[in-house]
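Taking the hints into account, I'd like the entire structure generated from these sequences.
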Amino acid sequence: MTSHLILGGARSGKSRYAQTLAEAFDGDLIFIATGEAFDDEMAERIAHHRADRGPRWDTVEAPLALDEAIRARAAPGKLLLIDCLTLWVSNLMHAERDIVAATDELIAAMGDARGPVILVANEVGLGIVPDNALARRFRDEAGRVNQAVAAAANEVSFIAAGLPLRLK
Amino acid sequence: MTSHLILGGARSGKSRYAQTLAEAFDGDLIFIATGEAFDDEMAERIAHHRADRGPRWDTVEAPLALDEAIRARAAPGKLLLIDCLTLWVSNLMHAERDIVAATDELIAAMGDARGPVILVANEVGLGIVPDNALARRFRDEAGRVNQAVAAAANEVSFIAAGLPLRLK
Amino acid sequence: MTSHLILGGARSGKSRYAQTLAEAFDGDLIFIATGEAFDDEMAERIAHHRADRGPRWDTVEAPLALDEAIRARAAPGKLLLIDCLTLWVSNLMHAERDIVAATDELIAAMGDARGPVILVANEVGLGIVPDNALARRFRDEAGRVNQAVAAAANEVSFIAAGLPLRLK
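Protein chains in written order, with my numbering: chain L, 1 to 168; chain G, 169 to 336; chain Z, 337 to 504.
Simulated from the structure, these hints should not be mistaken for lab results. Some clues are possibly wrong.
[Claimed, not checked] With a straight-line Cα cutoff of 30 Å, these simulated DSS-like cross-link-like pairs (lysine-lysine) come out:
(1) G:Lys246 with G:Lys336
(2) L:Lys168 with Z:Lys504
(3) Z:Lys504 with Z:Lys414
(4) G:Lys336 with L:Lys168
(5) G:Lys336 with Z:Lys414
(6) L:Lys78 with L:Lys168
Here it is as structure tokens:
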């Protein structure tokens, strides 16, 4: 089935765009959240987003095993929206997982899915080189995951100020 | 009348692009500057930009009341160029104003304008998450303003290395 | 002959994209590296990139005199790939050279080249304003060089997640 990667910066409207796209689907809507509430600021954002989505959505949390979350739920008549890959990369780094292997498993699960999958990711590499090595590593890992998923996805869009540019 | 939002990064050529676009207009040109000279670096940039524009332009300063600046001057035969919305957001934050309300008023004034309005804004959300909370809040506010103005504008362009990509 | 500027963020796939484009050329391939190994992290990246390119490529190093490197090697049947302009700007700043003059000389050499030239550059202006003045100056210089080279190049592409958007 089709997969669509939605890339964008912070507050670019990428999640809203992805949701609106998803809600045009005639079937069940499943939101796969990768975010974990490490602190109050994050908890507030998560609660805000969940309230925003409204009752048509089922939400599941998958901070690490994104491939399993897809395999357990992808089916004809169900749309999966994964938001977002960049928090997932951050979670994998914290948990000291193999990011290349996890990305391969994600891509395999996307390929096997028999329903549509929309994935949201942050573009984080367009500023000045970060001062600290961990931020540089995160930027590199996030960029590599974006490239790999973009190569595998059927469609890729870049969102700026809520508006899409089609990359693929 | 038409409104055109010009988005871009620092030193992307967005102001130059907006000016060139404006100078094709057969009528009066009014530059609405939102920048305030808080320090020497800023004062130097402002003076440099003003000298760059040349004698065809009238310049007015509107660090906060952008809606009033538009309502006072928009007219057939006059083009307004507002540069830039992102400094305006920063000014509103410093002055502890309600940014959502100010944005609604800006958009209403744009809608009522009977002459063309060009607006310049920075895209600031494509780097690594900033370390400090104030920078994160600024990034969020600036992104939300960009989305709201982009939704209201007739045309939206993204500038990189002086060249435009049309978003809308 | 044709020149093509490839812009993108960190880990956007811009170097890979430029290389793939170059390898479609039927002739000699010359890689002009501007990077210098100031520290271990940098040395590792350079070695990794060189191994990645494989045996079809000749590599020369030109941290400062990019115009001379182009003039010495550009010829029919030879493609030059310069990676990247943004490190070159950083090198010029460290060496306290005149960046505007060096850019003019680069552009003149590009114009005189009788073989294709591909140039890679980082877009670094799409994040929050950096805290320190040196980073702000670097961002400004890099942005100005990108604009000048983009204006002179025959083709300009922006790469995100390995995929191109054509700017020119």
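We went through each hint and held it up to the structure:
As the CA atoms of G:Lys246 and G:Lys336 are separated by approximately 23 Å, the hinted pair is consistent with the 30 Å bound. Straight-line distance between C-alpha atoms of L:Lys168 and Z:Lys504 comes to about 18 Å, which keeps the hinted pair within the 30 Å bound. Between Z:Lys504 and Z:Lys414, the direct Cα distance comes to roughly 23 Å. Compliance with the 30 Å bound is thereby established for this hinted pair. Restraint check: the Cα-Cα separation between G:Lys336 and L:Lys168 comes to about 18 Å, which is no more than 30 Å; the hinted pair holds.
Note on G:Lys336 and Z:Lys414: the hinted pairing is violated, with a Cα-Cα distance of about 40 Å set against a maximum of 30 Å. In summary, the hint linking L:Lys78 to L:Lys168 is supported, as the alpha carbons are separated by about 23 Å, within the 30 Å threshold.
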